[in-house]
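K.L.:
Residue-level listing of the chains:
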Amino acid sequence: MPIPDRIERTIDLAQPRQRVWEALTSAEGLGGWFGDRATVDLRPGGTAYVEWDQDEDSFKVALTIVVVEPPARFAWTWGIQGLPATDPRRTYVEFTLAPNGGGTRLTVVESGFAQVPDELLDTAYHGNVEGWRKELAELADYLDAAA
Amino acid sequence: MPRPDPEAVAAAVFASLAEPTRRSILSALAAHGPATATDLSSQLPITRQAITKHLELLAAAGLVLPEPGERRRIRYRVNAAPMAVAQSYLAALARDWDSKLARLQRSLDTSAP
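Residue numbers (our numbering), protein chains in the order written: chain A, 56 to 202; chain B, 84 to 196.
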């Protein structure tokens, strides 16, 4: 049961690279096919926020943009779904746009799922648990004193 | 500390969760906090001896951590780290690039050139 560390998909699109690039990197594009709304600070080190509507609520995810090479390569890192926001592990998503006749061959690779969470397994993690226990004990003392 | 193999960690989580008694024990520890085998036997319809055996298996898999104490009074608590490894495995299965790329293709095909 190997953990799939690398997910790779290729899709042939009829549109030229510039149009696919716009759809991948603009707020209108990312907020259309990927999420329900987006803002994009398009530069390496910039952040894109993508928001999804869910019932009457919504949730927002921050993408840290790593590579901006129009119209050929675009990459970001983001957190792993289901893990707490404080988990330091992030996966790397890279889009490659290759000319394909008049259209574009788009490849997306997401990697990093099988990272070992050092921060969770080393003493820092246990220290964190101990820290919580201590803080809860201090809170109890504080409440006792206030009673 | 030797680097754990993520596949082995995830396998231990899924194997442990496949057994209903161990799921009950983990659920009880997650819901109510650290407990001894005796505490758990008052919450679950299982003997203390059976709970002790499952706790030892869970501890060997790293899913619970025993706190230091006298043998009968050892309290166990949930250890989240292996769950986080299993979650990243599930996240890889749940990413769903197929639907996202199909939506991208549809949006490009329907928008004006």
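Careful: at least some of the hints might be erroneous.
Here are some, though not all, of the chain B residues that point toward chain A, as calculated from beta-carbon distances under 10 Å [said to hold, decoys possible]: (1) Pro89; (2) Ala93; (3) Ala101; (4) Glu102; (5) Thr104; (6) Ile129; (7) Arg178; (8) Arg189.
Quick caveat, the hints were computed from the structure, so don't treat them as lab data. None of these values were measured; they are calculated from a predicted model. For each residue, glycine too, the CB sits at the ideal point set by N, CA and C.
K.L.:
Hints broken by the structure, by number, lowest first?
P.N.:
As far as the earlier hints go, 3, 4, 5 and 6 are violated by this structure, in ascending order.
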